[in-house]
Each structure stands twice: as structure tokens, then as C-alpha cells.
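*Asks:* Below, each chain spelled out in residue letters.
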Amino acid sequence: MVNVKNISKVFGGIQPIWLFVIAITVFFSFMSEYFLTTGNFMNILVQTSTIGLIALGMTYVMINGNIDLSVGAILALSAALAVDLQSYGLPVALFAAISAGILLGALNGLIVWKTGVNSFIVTLGAMIGIRGLVFIYTKEQSFYASDFAFSDFGISTIASIPTLGVIFLVCCLIMHLVLTKTGHGRNTFAVGGNREAAADAGIRVGRHMLINFMIVGFFAALAGITLATQMGAATPNLGRDYELWTITAVVLGGTKLAGGFGSITGTLGGVLAIGILRNGMNLMQVPAFYVLVILGAILIAVLIIDQKVNRKSGQEVNV
Amino acid sequence: MTAPATNNNQRSVDASIKPVLRLEGITKRFPGVVALNNVSFDVRAGEVHALLGENGAGKSTLMKCLAGKHQAEEGSIVLEGQKVSFSDPMEAKQHGIVLIHQELSLVSDLTVAENIFLGSLPLKWPNRVDWKKLRSDTDKILSRLQCTFRADDLVGDLSIAKKQMVEIARALVFTPKIVVFDEPTASLTDHEKPVLFNVINSLREHGVGIVYISHRMDEIFALSQRITVLRDGEYNGTVDTAQTNEDEVTKLMIGRSLELDHSSKPTEFKENVLEVRNLSVEGVFKDISFNVRNGEIVGMYGLVGAGRSEIAETIFGLRRPSAGEILLEGESVTVKSPHDAVARGIALVPESRKEQGLVLGLNCRDNITLSTLGSVSSLGVMSPKKELEIYEKYQRELKIKTPGWAQKVGNLSGGNQQKIVIGKWLTTHPKLLILDEPTRGIDVGSKAEIHALIKDLAKSGYAVLVISSEMPEVLGVSNRVIAMYSGQITAEFNADTVTEDELVQAITGQHKPASGTPLHAAGV
Ligand SMILES: Nc1ncnc2c1ncn2[C@@H]1O[C@H](COP(=O)(O)OP(=O)(O)OP(=O)(O)O)[C@@H](O)[C@H]1O
Ligand SMILES: [Mg+2]
Numbered sequence: 000m001v002n003v004k005n006i007s008k009v010f011g012g013i014q015p016i017w018l019f020v021i022a023i024t025v026f027f028s029f030m031s032e033y034f035l036t037t038g039n040f041m042n043i044l045v046q047t048s049t050i051g052l053i054a055l056g057m058t059y060v061m062i063n064g065n066i067d068l069s070v071g072a073i074l075a076l077s078a079a080l081a082v083d084l085q086s087y088g089l090p091v092a093l094f095a096a097i098s099a100g101i102l103l104g105a106l107n108g109l110i111v112w113k114t115g116v117n118s119f120i121v122t123l124g125a126m127i128g129i130r131g132l133v134f135i136y137t138k139e140q141s142f143y144a145s146d147f148a149f150s151d152f153g154i155s156t157i158a159s160i161p162t163l164g165v166i167f168l169v170c171c172l173i174m175h176l177v178l179t180k181t182g183h184g185r186n187t188f189a190v191g192g193n194r195e196a197a198a199d200a201g202i203r204v205g206r207h208m209l210i211n212f213m214i215v216g217f218f219a220a221l222a223g224i225t226l227a228t229q230m231g232a233a234t235p236n237l238g239r240d241y242e243l244w245t246i247t248a249v250v251l252g253g254t255k256l257a258g259g260f261g262s263i264t265g266t267l268g269g270v271l272a273i274g275i276l277r278n279g280m281n282l283m284q285v286p287a288f289y290v291l292v293i294l295g296a297i298l299i300a301v302l303i304i305d306q307k308v309n310r311k312s313g314q315e316v317n318v
Numbered sequence: 000m001t002a003p004a005t006n007n008n009q010r011s012v013d014a015s016i017k018p019v020l021r022l023e024g025i026t027k028r029f030p031g032v033v034a035l036n037n038v039s040f041d042v043r044a045g046e047v048h049a050l051l052g053e054n055g056a057g058k059s060t061l062m063k064c065l066a067g068k069h070q071a072e073e074g075s076i077v078l079e080g081q082k083v084s085f086s087d088p089m090e091a092k093q094h095g096i097v098l099i100h101q102e103l104s105l106v107s108d109l110t111v112a113e114n115i116f117l118g119s120l121p122l123k124w125p126n127r128v129d130w131k132k133l134r135s136d137t138d139k140i141l142s143r144l145q146c147t148f149r150a151d152d153l154v155g156d157l158s159i160a161k162k163q164m165v166e167i168a169r170a171l172v173f174t175p176k177i178v179v180f181d182e183p184t185a186s187l188t189d190h191e192k193p194v195l196f197n198v199i200n201s202l203r204e205h206g207v208g209i210v211y212i213s214h215r216m217d218e219i220f221a222l223s224q225r226i227t228v229l230r231d232g233e234y235n236g237t238v239d240t241a242q243t244n245e246d247e248v249t250k251l252m253i254g255r256s257l258e259l260d261h262s263s264k265p266t267e268f269k270e271n272v273l274e275v276r277n278l279s280v281e282g283v284f285k286d287i288s289f290n291v292r293n294g295e296i297v298g299m300y301g302l303v304g305a306g307r308s309e310i311a312e313t314i315f316g317l318r319r320p321s322a323g324e325i326l327l328e329g330e331s332v333t334v335k336s337p338h339d340a341v342a343r344g345i346a347l348v349p350e351s352r353k354e355q356g357l358v359l360g361l362n363c364r365d366n367i368t369l370s371t372l373g374s375v376s377s378l379g380v381m382s383p384k385k386e387l388e389i390y391e392k393y394q395r396e397l398k399i400k401t402p403g404w405a406q407k408v409g410n411l412s413g414g415n416q417q418k419i420v421i422g423k424w425l426t427t428h429p430k431l432l433i434l435d436e437p438t439r440g441i442d443v444g445s446k447a448e449i450h451a452l453i454k455d456l457a458k459s460g461y462a463v464l465v466i467s468s469e470m471p472e473v474l475g476v477s478n479r480v481i482a483m484y485s486g487q488i489t490a491e492f493n494a495d496t497v498t499e500d501e502l503v504q505a506i507t508g509q510h511k512p513a514s515g516t517p518l519h520a521a522g523v
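Line by line, the protein sequences are chains A and B.
Mapped onto numbering that gives the first Met the number 0, the consecutive letters of the first sequence carry residue numbers 0 to 318.
Mapped onto numbering that gives the first Met the number 0, the consecutive letters of the second sequence carry residue numbers 0 to 523.
In case anyone wonders, no lab produced these hints; they're calculated from the structure.
Using N, Cα and C, we set each Cβ at its ideal position, and we do this for glycine too.
It is possible that some hints are incorrect.
Said to hold, decoys possible - Straight-line distance between alpha carbons at most 20 Å, and here's what the computed DMTMM-like set of lysine to aspartate or glutamate pairs gives:
1. Lys180/A to Asp129/B
2. Lys180/A to Asp136/B
3. Lys17/B to Glu79/B
4. Lys407/B to Glu195/A
5. Lys68/B to Glu32/A
6. Lys180/A to Asp152/B
7. Lys192/B to Glu448/B
8. Lys180/A to Asp151/B
9. Lys264/B to Asp495/B
10. Lys430/B to Glu328/B
11. Lys255/A to Asp156/B
12. Lys430/B to Glu330/B
13. Lys400/B to Asp231/B
14. Lys113/A to Asp87/B
Claimed, not checked - Covered, in the sense of this in silico footprint (three residues per stretch, anywhere, with C-beta under 8 Å from a C-beta of chain A), are these stretches of chain B:
15. 98-107
16. 203-212
With these hints in hand, go ahead and build the complete structure from the sequences.
*Replies:* And the structure:
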């Protein structure tokens with residue numbers, strides 16, 4: 000019995016997704032000489048930071064037992080605001096962009112809380128509606144950054160690490176600490192694991208859900224800004240499908256779709272896995288559509304393995 | 000005191016002792032049911048006040064109204080002389096009212112410590128969980144409850160009895176004014192109960208007012224100072240425990256004396272339906288051999304964790320045996336899955352109805368016909384008429400109390416939920432019926448009905464295996480009793496001749512296995 004426990008602890012210690020990340024890193028190192036270079040890794044970090052930032056917030060929402068499909072649309076709206084309002088000064092533009100994200104997140108959260116309608120439906124509606132707002136606001140035009148500081152930021156570095164990458168990693172750390180160390184973080188798990196039990200125990204279920212929707216709104220807006228700094232522009236179609244990639248990354252990272260279980264470290268692994276796969280296959284010159292087929296297949300395969308592993312440890316019986 | 004006091008003057012004999020808590024004229028309706036009608040109830044500091052009533056009488060509902068989970072439509076709550084009202088469980092908790100739920104209300108992906116402190120995690124500035132305090136506080140509580148599991152264990156990995164202890168541990172998180180225990184012993188065995196009773200008594204000595212809900216008369220008489228009885232959602236009297244007896248209380252509860260279960264045990268056994276030979280599951284149970292014949296009731300008695308449920312699960316195809324064989328009607332079989340088991344005529348009424356037996360979101364009718372959809376449908380289309388017929392038959396036979404077939408099972412009282420599970424399995428017309436704790440949480444009246452039902456089923460030819468932690472139950476219904484201790488069969492007895500001492504010794508491992516002659520071999 001002791002042995003079985005120890006083994007499962009060792010496996011529990013290293014999340015399966017990180018084993019996967021290591022495996023594909025080794026694989027691509029052999030397949031392409033450009034892969035294992037610092038420059039390429041910085042590339043991957045910047046490329047994944049957009050989805051990565053949203054995924055941080057999405058992890059909270061999903062552990063909480065909800066889902067947010069409107070993040071891609073929020074990203075587009077915030078990017079448009081951040082670029083378009085630069086004529087009023089960069090601080091105003093950024094403030095407006097972030098506020099829009101938090102407010103829309105709050106709106107999603109409030110509707111889910113007060114009406115009890117499933118978050119899938121609520122945010123599906125929000126996704127469509129907000130995307131419509133983006134088109135109304137931009138009149139189907141792209142905006143270009145007028146403030147050079149804005150686009151320079153996107154390619155700047157701190158101690159030769161891209162600033163966007165640093166921002167993402169710092170956010171990871173903060174979100175990890177909040178999730179594991181704070182009352183809000185732990186209650187997020189409790190609500191997702193058993194909403195009724197949490198409510199019975201006196202946890203203010205609705206408030207925690209609202210806060211988490213605001214968090215994901217914030218991160219979608221932040222991702223919109225960082226993406227716009229990279230492109231020096233905002234297009235109305237920005238962030239399409241991002242909700243799907245985000246959810247994919249979070250689920251790859253081991254967060255339960257049903258809620259109650261998950262981690263930021265897992266999500267980081269999930270985001271990196273997708274980033275590395277895309278980058279590596281790109282270097283190997285795999286045609287883009289094949290990349291999608293492979294990514295889809297890998298998602299399903301990883302989840303099947305994950306479920307097998309989880310089942311085994313779940314079958315352990317105490318006598 | 001002969002007649003139960005029903006008017007107010009008589010009831011407040013001890014008017015000198017002021018109650019800490021008074022519920023006055025509480026009325027609560029659910030769609031189609033008046034769950035509570037003008038019910039009053041009070042609790043004094045330092046007393047155990049038992050709340051009694053049949054399944055569905057409204058006990059849990061009354062306590063949920065108190066604890067902020069439901070809001071009463073009429074009536075008021077007076078706590079320490081002040082009128083209060085709680086809009087959610089948090090507010091009730093802040094006023095010192097703790098409800099230990101009847102149905103486990105735990106988060107399986109969290110640790111024991113986090114579950115015990117659910118909703119009241121110790122925090123440091125700004126919002127950090129104080130893990131050190133959490134762990135040390137939890138350890139203190141766990142040692143007080145003599146629990147063997149640890150603060151960091153995942154609740155999902157614990158057995159039901161241990162989960163129940165986690166639930167109970169919540170009462171000790173801070174010093175409350177009122178603690179309500181809603182059937183806390185339903186999944187505990189005689190082993191863990193004394194620990195709980197000690198805790199209750201020490202809370203009481205500290206001046207906490209305790210409400211104790213249970214269907215077990217012995218517990219109620221051992222623990223309580225007063226007893227209040229609800230009947231069909233109405234207040235039906237309060238009596239001092241010292242001045243009453245079981246019969247009187249039962250009469251208050253069901254309006255008549257309890258008809259003793261006079262139906263006789265089955266006597267005619269034919270050939271083996273089930274025979275188990277040297278069955279083992281690594282690390283769970285070992286070398287299990289027994290048989291159950293047509294028309295026979297075999298009881299399986301032991302402490303929780305002795306491996307009884309696991310044996311049932313193995314026979315039912317939920318676990319793979321690591322050694323040994325299972326014979327059905329003389330033929331060696333491998334039961335691959337529950338589906339396979341049902342097809343072979345095995346039915347298992349599991350011990351935890353909420354987690355294993357019911358789809359809480361479905362209505363009563365659909366739950367009852369769940370296992371037998373094949374027989375109520377033709378070409379894959381279900382016949383609502385046939386479904387309803389089946390539902391009505393079992394609703395009548397088992398006396399299931401519900402406003403109608405369309406009621407969601409999740410809204411039924413605990414006891415009625417259990418009846419639905421039993422009904423569901425009877426619809427599959429099994430040859431072998433395995434009942435794991437069949438009367439857990441069921442009131443005395445329905446319990447007698449279910450016991451009679453089990454005997455009737457056996458007499459009509461079913462082979463029945465009853466797993467129970469209640470000695471009167473195993474002795475009362477079964478022909479033979481198999482005693483288990485720590486994953487092994489320690490002895491087998493004739494239920495009509497065995498003494499309580501012998502049984503207790505056998506399930507605590509003090510029995511000399513030499514004297515445990517297999518009775519079936521001796522032709523008893
Ligand atoms: N949420 C709900 N919705 C609808 N009806 C309900 C709900 N909760 C309880 N009821 C009904 O209210 C009545 C009282 O139920 P309650 O659970 O209080 O009974 P109880 O006395 O606790 O029974 P038991 O001994 O079986 O636990 C029952 O008829 C039940 O079906
Ligand atoms: Mg109840």
C-alpha cells in the first residue's frame with residue numbers, strides 16, 4: 000500500500016502536461032536545429048503570452064465550475080479601444096481598454112450569478128454580442144497605433160527577455176499564489192467542486208464567481224493590449240477562436256471541465272505545449288492545416304491518458 | 000406523565016429554564032407540499048433536544064429554515080431573546096448556528112482540513128489562507144474525534160463513515176450556540192458512535208444547545224433531555240425523555256403503536272443461487288467463501304471498512320477479483336460490469352443512495368424505471384403509461400411519500416429517496432438481491448415495512464444478501480449471519496441462536512475462527 004501511494008505521489012508531483020512538454024521539446028530539438036535556441040524560445044514565450052494571459056483567468060473561471068466564451072471578443076474590443084483612444088493619451092486608452100474588459104466580465108458574472116443561467120449560454124451570447132459591438136465601434140476598419148511608445152513596447156526587452164514574456168510570467172506567478180494561498184483561491188475550488196456544499200457552508204458563491212469573471216475579463220483586455228502592441232494595430236477580427244485555444248490549453252493543463260480541480264502550473268504547461276507544437280511544426284514546415292489536425296488529435300490523446308492516470312489513483316482503496 | 004402533552008401550558012413545565020433559541024409558528028411550502036405548518040420548537044442551552052418524525056415529516060426542512068438554507072414563509076426565529084432572520088447559511092453561522100447536514104455536503108477534491116473549515120478558512124492579511132493554523136486546528140479536532148485520517152487527505156478518497164466524521168468535525172470549528180445534527184449516525188457503525196456521543200455530551204456541558212435528529216430510538220433515549228415529534232409537517236408534541244418511553248414516542252410519531260414485524264423468516268431454502276469461493280481483492284478482502292440459496296436471507300455484519308460493501312461490489316462487477324471464483328446457480332461466471340450483473344439477475348442496492356443509487360435531477364418515476372427501460376419501451380420508444388404503472392406499483396408497495404411522480408428525487412426526504420432506490424432494483428426482477436444498509440436513514444415504521452418486504456421477497460424465491468451495521472437488523476431479518484473483520488470472514492452463525500456477545504467478538508477480531516463452522520455445510 001505504501002508503495003502504491005508513493006508512486007502516485009511522484010506522478011502527482013509532476014503534472015502529466017509537463018512530461019509532455021519535455022517530450023516534445025526533446026523531439027523538436029532533434030528535428031530542427033533552430034528549435035533549441037534562446038531566440039526561438041523567446042519567440043515561443045511571446046507567441047504564447049496572448050493565449051497564456053487569458054488562460055490564467057480562464058483557469059479560475061473553469062475551476063470555479065463556469066466557462067467564458069466571450070474572451071476573444073473582449074480581447075478585440077479592448078485592443079480597438081487601446082489603439083483608437085491613443086489620441087487622448089496612452090493612459091486614457093489603456094485605462095479604457097482594461098475597464099471595458101473588467102466591466103464586461105462583471106456583466107457576465109452578474110448574469111450568471113443572479114439568473115442562474117449556465118455560463119456557457121450567457122458567455123456564448125456575450126461572445127456574439129460583443130463581437131458585434133467591435134464591428135459597430137470600428138466600422139469594420141482596422142486601427143493603427145499613433146503613439147510610437149505603444150508599438151515599441153511590444154518589441155522591448157527587460158534584461159534581454161521580451162517585456163511581454165516577463166509580464167506573462169509575472170502574472171503566472173501572481174495568479175498561482177492567489178489561487179493556492181488565498182481564501183478567494185481556495186473558495187474558488189470549493190464552489191467548483193460542489194456548489195451546493197459550498198453555499199451550505201456559508202461561502203458566498205455568487206461573489207466568488209463574479210470576481211473570477213472580472214479577472215478573466217481583465218486578462219482578456221490585457222491580452223488585447225499586448226497583442227495590439229505586437230502588431231501596432233487592432234483589427235475587428237482580432238482574437239477569433241481564442242476562446243477555444245484558451246480552453247484547450249487550460250484543459251490540457253489538467254483543469255477539470257466540470258470544475259473543482261486545476262492549477263496555474265498546469266495551465267502554463269498547457270499553453271507552452273500548444274506554443275511549442277505550433278512553433279516546432281512550423282520549423283519542420285508542416286502545412287498549417289495539418290498542424291490543426293495534429294493539435295486536435297493530441298488534445299484528445301492527452302485527455303485520454305490523463306483520465307487513465309486519474310482513474311488509477313482514484314481506485315486506490317483504503318481498508 | 001402518561002398522555003403526551005400537547006398544549007402549551009403543560010409543555011413548558013420547566014418554564015424557569017429559558018430557551019436560547021425559539022422557532023415560532025414556522026410555515027414552509029414547496030410546490031405541491033406543505034412541508035411545515037405552523038411548527039414551534041425551542042432549544043435550551045446545554046440540552047440535547049431530539050427531533051423525531053417519519054420520513055418526510057419535515058425535520059430537515061425545519062432545521063434548514065433555522066440555518067438559513069431555506070426561508071420560512073411565516074413564523075419567526077428568536078435567538079437569545081432577539082428576533083433574527085437569516086438570508087443565507089453564512090448569516091446563520093455568524094450567529095453561532097451550525098447545521099450538520101443529513102446528506103453529506105462535502106467537496107471531494109479538497110482536503111479534509113479545507114472541508115472542515117469550508118466557508119471559514121482561517122485568513123491572514125490580506126486574504127491569505129493561514130495553512131499552519133488550518134492544519135493545527137484540524138489536527139486538534141481530528142484527535143478529539145479520534146479520527147485515523149489526516150488533515151491533508153483528500154475527502155474523495157475517504158469511506159462514507161470517514162466522510163461523515165469530517166462532516167461532524169465541522170461542529171467543532173468554533174464554539175457555536177446551537178448545533179444541529181441531522182442523522183449523524185446514519186453511516187456510522189457502533190464503533191464510531193461513542194466518539195460522536197462524547198463530543199455531543201461535551202458540547203452540551205459547555206452550554207451549547209443541541210438538536211439531534213435520528214430514527215434510532217436507542218440513541219435518542221441515551222442522548223436527549225427532551226423529544227419533539229413532528230408529523231406530516233405539523234408539531235405533534237414535546238415530551239421529557241426521562242418521563243416517556245419508546246412506545247409512547249412511536250405513537251406520537253406514527254399515530255399508532257409500532258406493528259412489530261411479525262412476518263416470519265423464510266424457512267425453505269433450495270439450491271445455491273450464489274456461491275463465492277476463496278474470493279479476494281488485493282488489499283481489500285481475502286479468501287471469502289459463502290453461499291446464498293433460493294429463498295434465503297443471509298446477513299453480513301461487520302464494522303464499516305471490514306470489506307462488506309467491497310464484496311458486494313465485486314459480485315456486482317464493479318471490481319475485479321484477484322483470486323477465487325463466483326458461481327451463479329452452480330455455474331462459474333465472470334461478472335464483467337454492472338450491466339452484465341443485471342443481465343445475470345443480480346441487483347445491488349448500494350449504501351450511498353445519493354452518490355450511487357439515484358439520479359437526483361430526475362423525477363421519481365424515471366428513477367424507478369431507470370434500470371428497466373428495456374421492458375417499458377418498444378423499439379427504443381418508452382411507453383409513459385407502462386412507466387407510470389410500474390412507478391405506481393412500487394410507490395404503493397413501498398409507501399413512498401411524494402406529491403406525485405413528477406417530483407424530483409432530489410427534493411424527497413432522505414428516507415423516501417432510499418425507498419426509490421430499492422424500488423428501482425425490484426423492477427429488474429433479480430434472482431439475487433444484495434442490499435447494502437437497506438434501512439439507513441429510514442424511520443421506524445418504514446423500517447419494519449422494509450424488513451417485512453425483504454422477508455416476503457425471500458419467501459417468493461429471491462436469494463437475499465443483506466449487509467448491515469445494525470445488529471437488530473441482521474438478527475431480525477436473516478437466517479444466517481456472516482461476521483466479517485478486517486477483510487476476512489471470521490465466523491458464520493445461525494441468526495436465531497447466536498448471542499450478541501458472540502457477534503461482537505466476531506466483528507472485532509476476538510473470535511476464535513475454529514468455532515466458526517460453516518453452517519451451510521452442516522445443513523442448517
Ligand atoms: N427542496 C424541496 N423541494 C420540494 N419539496 C421538498 C424540498 N425539500 C423537502 N421537500 C419535501 O418536504 C417534506 C419534508 O421533507 P424533509 O426532508 O424535511 O423530511 P424529514 O423529516 O427530514 O425526513 P427524513 O427522515 O426522511 O430525512 C417532504 O415531503 C419533502 O418531499
Ligand atoms: Mg431529513
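*Asks:* Each hint: holds or not?
*Replies:* Consistency of the hints with the structure:
{"no.": "1", "hint": "Lys180/A to Asp129/B", "result": "holds (8 Å)"}
{"no.": "2", "hint": "Lys180/A to Asp136/B", "result": "holds (17 Å)"}
{"no.": "3", "hint": "Lys17/B to Glu79/B", "result": "holds (9 Å)"}
{"no.": "4", "hint": "Lys407/B to Glu195/A", "result": "holds (16 Å)"}
{"no.": "5", "hint": "Lys68/B to Glu32/A", "result": "violated (63 Å)"}
{"no.": "6", "hint": "Lys180/A to Asp152/B", "result": "holds (18 Å)"}
{"no.": "7", "hint": "Lys192/B to Glu448/B", "result": "violated (26 Å)"}
{"no.": "8", "hint": "Lys180/A to Asp151/B", "result": "holds (15 Å)"}
{"no.": "9", "hint": "Lys264/B to Asp495/B", "result": "holds (10 Å)"}
{"no.": "10", "hint": "Lys430/B to Glu328/B", "result": "holds (10 Å)"}
{"no.": "11", "hint": "Lys255/A to Asp156/B", "result": "holds (17 Å)"}
{"no.": "12", "hint": "Lys430/B to Glu330/B", "result": "holds (14 Å)"}
{"no.": "13", "hint": "Lys400/B to Asp231/B", "result": "holds (10 Å)"}
{"no.": "14", "hint": "Lys113/A to Asp87/B", "result": "holds (15 Å)"}
{"no.": "15", "hint": "98-107", "result": "holds (count 6)"}
{"no.": "16", "hint": "203-212", "result": "violated (count 0)"}
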